[in-house]
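S.K.: All chains, please: the whole structure from these sequences, using the hints.
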Amino acid sequence: MGVSARALKRYGKPIAFLLLSLPAAWLVANWILAFAGEPHGLGFNPHETSNRFSGDWALRILLGGLALTPLASALGTQKPILFRRMMGLFAFFYVLLHIVSYVWLDLLLDWAALWRDIVKRTYITVGMAAAVALVPLAWTSTSGWVKRLGARRWKRLHRLVYLIVPLALLHFYMMRKGIQAEPLIYAAIFAGLMLLRLPVVRRLFHRTQNRKRPAGLSRP
Amino acid sequence: LQPLPHAKTSFDPGGELTPEEAITSYNNYYEFGVDKSDPSRNAWRLQPKPWSVAVDGMVERPAAYAFEDLVDFSALEERIYRLRCVEAWSMVVPWIGVPLASLLDKVGVQTGAKYVRFETLADEKQMPGLKWPVVDWPYVEGLRLDEATNPLALIAVGLYGKELPNQNGAPLRLVVPWKYGFKSIKSIVRITLTDVRPRTTWERQNAREYGFFANVNPDVPHPRWSQATERRIGEFGRRRTEKFNGYGELVAHLYQGMDLRQYY
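First to last, the sequence lines map onto chains A and B. Here the first sequence stands for residues 445 to 664, where the numbers follow the numbering used here. Here the second sequence stands for residues 25 to 288, where the numbers follow the numbering used here.
Warning: the hint list may mix true and false statements.
Here are the simulated DSS-like pairs of lysine-lysine, each with C-alpha atoms no more than 25 Å apart in a straight line [what the hints assert, rightly or not]:
1) B:K186 with B:K60
2) A:K621 with B:K267
3) B:K60 with A:K621
4) A:K621 with B:K149
5) A:K564 with B:K149
No lab work stands behind these hints: they were computed from the structure.
M.R.: The following block contains the structure:
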């Protein structure tokens, strides 16, 4: 990568922040239009659109975050890792939006109905479990917490994400009727990202990189 | 879409109709894709004319009928029905059609027939959604004969004064407003009278979640969500769902003595 880590920190991060905020900004703006009785982009069932949209983005950003490590080893640089915390926190933010959309806009703060859903409906239970498991990760996302826990324990804690994403994927698969492509595509991407983490696969990567390096060096 | 001359009827729940644009662009019709906007985008591929309906099984006059010969177009009536989807949203739709019973009279039901089985077209050239096995194609639905001959059961050929748009099930579809929307099968190509209960598509796909009867019932939750309330398309709040979608006076007697928790 030809971009310096400093440039990435100074310009890359604000740009990433802006890009990751766009879906949320779109969602909120359209809800405001909808409630004002103006034309909006949420379709004929705004609640359904909003639940799905926020959930889709939470999943996409989670998977995007999991792609950073394989990307880093493929590029042979740690620079992608600069964006990992931001992506994790944005994923958590979209999960919160997802829950606000469901509990406030859809269920209209009917807490009894929410509790019944959590207890009785497996796909809600699964989704809620994934959301709750994200809380300690968001909470301990600061450098201060890395120091306090020690890098090793912090890392072990944050491996929870390997449980959270499958739960979120299961939640997605269960809420669709019949056998639908979309949840399976997301699951396949997750499986691919996990495969890239296998030592065997990583060693393969390194070997090809080692083979490439001399050629790269000989370039003028 | 040609306008259809029709008689007004007293079937009208009152209140506002769901806008035509919502009825024709927010659809579940998986043969054209699983997103709500897919059918209105993809259903132009469907050729609703000419259209032949195979009528077979325990009938007096089995044949391949042109759909215009099955539906008496001089007897069309408008019926404004509530539609309650199993996904907990609802609409109010001004259908145009004839009672299903009039079709059954035309083909002659043999004694001993107990059920009517319906089948939707399954043609990959016209229906891009068939490439993906969301459910077992073709789509199959069924009614008990006494349900089918209930005056409320309608074969619709029109909507909002005109012919049915493809995404709404052109050229002819079933409308059984006291049942969840998936029972109201679209674009019918086969009607079979039989003495065995047909295995319907959603029952085959997941019998625990979708029963053969599928009567609208706020007291029997879907395993994945409550059916106690619904969202009327166009509204922000939730409404209480009525048993038999509010048509109990006309249909509750069909299920006397049946445990609706068991036969959901």
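S.K.: Each hint should be assessed against the structure and marked as holding or not.
M.R.: Here's how the hints hold up against the structure:
no.	hint	in the structure
1	B:K186 with B:K60	holds, 22 Å
2	A:K621 with B:K267	holds, 23 Å
3	B:K60 with A:K621	holds, 12 Å
4	A:K621 with B:K149	holds, 24 Å
5	A:K564 with B:K149	violated, 42 Å
When the structure is compared with the earlier hints, a violation turns up for hint 5 alone.
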